[in-house]
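Participant: Read off the chains here:
Protein chains: 2
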Amino acid sequence: MVRHEEVKNGVIFPAGEKNEAFSQFFTGQSYLQSLVFDPNVNVVVGNVTFEPGCRNNWHIHRGGYQILLVTGGEGWYQEEGKPAQLLKAGDVIVTYDGVKHWHGAAKDSWFEHIAITAGKPEWLEPVDDELYSKL
Amino acid sequence: MVRHEEVKNGVIFPAGEKNEAFSQFFTGQSYLQSLVFDPNVNVVVGNVTFEPGCRNNWHIHRGGYQILLVTGGEGWYQEEGKPAQLLKAGDVIVTYDGVKHWHGAAKDSWFEHIAITAGKPEWLEPVDDELYSKL
Numbered sequence: 001m002v003r004h005e006e007v008k009n010g011v012i013f014p015a016g017e018k019n020e021a022f023s024q025f026f027t028g029q030s031y032l033q034s035l036v037f038d039p040n041v042n043v044v045v046g047n048v049t050f051e052p053g054c055r056n057n058w059h060i061h062r063g064g065y066q067i068l069l070v071t072g073g074e075g076w077y078q079e080e081g082k083p084a085q086l087l088k089a090g091d092v093i094v095t096y097d098g099v100k101h102w103h104g105a106a107k108d109s110w111f112e113h114i115a116i117t118a119g120k121p122e123w124l125e126p127v128d129d130e131l132y133s134k135l
Numbered sequence: 001m002v003r004h005e006e007v008k009n010g011v012i013f014p015a016g017e018k019n020e021a022f023s024q025f026f027t028g029q030s031y032l033q034s035l036v037f038d039p040n041v042n043v044v045v046g047n048v049t050f051e052p053g054c055r056n057n058w059h060i061h062r063g064g065y066q067i068l069l070v071t072g073g074e075g076w077y078q079e080e081g082k083p084a085q086l087l088k089a090g091d092v093i094v095t096y097d098g099v100k101h102w103h104g105a106a107k108d109s110w111f112e113h114i115a116i117t118a119g120k121p122e123w124l125e126p127v128d129d130e131l132y133s134k135l
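Protein sequence lines, in the order shown, are assigned to chains A and B.
Letter 60 of the first sequence, counting from 1, is numbered 60 in UniProt numbering, and no numbers are missing.
Letter 116 of the second sequence, counting from 1, is numbered 116 in UniProt numbering, and no numbers are missing.
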């Protein structure tokens, strides 16, 4: 059963196009709608939609941070060395500079969050299938 | 007729408490739910909900900027010397450092936006009732 299909086309902000630019750093299909990309502003803001099972690789924000505002569906957020946290609409996550982490959809659910990002991401290895499948 | 009553209790993020801290800079009742207030992050993020007719004073963001992500209802955004823009769910506004502006609900509608703010606001005079009533 696939849950939260209502998220598929975007909850408030559009789901956007297939996230080709970052596809090499994701397992599964994600969609990206840029909301703010402006040289006068030190953050970029985007709406990211994940199909069920889709998640990004482990990564680190360097020289900045990332804020996730969860707008729909169900997903996971995990920092290295900590248990994964279940995320639902209305949840807020702040990832500090230098913290290795990943985020993405639950196995059986669409998932969407707004990402507010300062600095540059450093992309690392994919999330282990066994780790993910046990969530 | 009051429109968009569904926004009253928050669309995705809670409407929060009466916005007492800033009430002197608003005409009418607004509600504020802090989402991110963290010394390690150079922006604050809040969910602001405006009752019909509520708007903030003219103000300027100094040493920063503000991003508005409109989540529900109907409202207005105006920069000094420019026409007011009608805002609806899914709209995004970026206000640059030093730009005098105001935002708020339509006369007959609840309105909600997420505000991502860097720097300090400088609060100025209320929006003229005649200007507002003609929108």
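Just so you know, these hints were derived from the structure itself, not from any lab.
Idealized CB from N, CA, C, for every residue including glycine.
Hints may contain errors.
[Said to hold, decoys possible] Residues from chain A that face chain B, not an exhaustive set, calculated with beta carbons under 8 Å:
(1) Asn-9
(2) Val-11
(3) Ile-12
(4) Asn-40
(5) Val-41
(6) Val-45
(7) Tyr-65
(8) Ile-67
(9) Leu-68
(10) Ala-84
(11) Gln-85
(12) Ala-89
[Claimed, not checked] Derived DSSO-like pairs: lysine-lysine, alpha-carbon spacing no greater than 27 Å straight-line:
(13) A:Lys-8 / B:Lys-120
(14) B:Lys-134 / A:Lys-88
(15) A:Lys-18 / B:Lys-18
(16) A:Lys-134 / A:Lys-8
(17) B:Lys-120 / A:Lys-120
(18) A:Lys-18 / B:Lys-88
(19) B:Lys-120 / A:Lys-88
(20) A:Lys-82 / A:Lys-107
Participant: Checking one constraint from the list: CA of Lys-18 of chain A to CA of Lys-18 of chain B, max 27 Å. Satisfied?
Facilitator: violated (40 Å)
Participant: Minimum Cβ distance from Asn-40 of chain A to chain B below 8 Å?
Facilitator: holds (6 Å)
Participant: Grab the minimum C-beta distance from Ile-12 of chain A to chain B and call the hint holds if it beats 8 Å, violated otherwise.
Facilitator: holds (5 Å)
Participant: Between the alpha carbons of Lys-82 of chain A and Lys-107 of chain A, is the straight-line distance 27 Å or under?
Facilitator: Since the Cα atoms of Lys-82 of chain A and Lys-107 of chain A sit roughly 20 Å apart, the hinted pair holds (cutoff 27 Å).
Participant: Go through the hint on Gln-85 of chain A and say holds or violated, using the shortest Cβ distance to chain B against 8 Å.
Facilitator: At about 16 Å, which exceeds the 8 Å cut-off, the nearest Cβ of chain B leaves the hint on Gln-85 of chain A violated.
Participant: Next item in the hint list is Val-41 of chain A. Is there a CB on chain B closer than 8 Å to its CB?
Facilitator: Given a least distance of 5 Å, the restraint on Val-41 of chain A holds.
Participant: Given Val-11 of chain A as an interface hint, is the shortest Cβ-Cβ distance to chain B below 8 Å?
Facilitator: holds (7 Å)
Participant: Holds or violated: the hint that Leu-68 of chain A contacts chain B, with Cβ atoms closer than 8 Å.
Facilitator: At about 10 Å, which exceeds the 8 Å cut-off, the nearest Cβ of chain B leaves the hint on Leu-68 of chain A violated.
Participant: Does the alpha-carbon distance linking Lys-134 of chain B and Lys-88 of chain A stay inside the 27 Å limit?
Facilitator: Judged against 27 Å, a Cα distance of about 41 Å means the pair is violated.
Participant: Check the hint pairing Lys-134 of chain A with Lys-8 of chain A against an upper bound of 27 Å on the C-alpha distance.
Facilitator: Distance of about 24 Å is within 27 Å: holds.
Participant: When the nearest CB of chain B is found for Asn-9 of chain A, is that gap smaller than 8 Å?
Facilitator: violated (12 Å)
Participant: Any CB of chain B closer than 8 Å to the CB of Tyr-65 of chain A?
Facilitator: Holds: closest Cβ of chain B sits about 5 Å from Tyr-65 of chain A, inside 8 Å.
Against the hints set out earlier in the document, violations occur for numbers 1, 9, 10, 11, 13, 14, 15 and 19.
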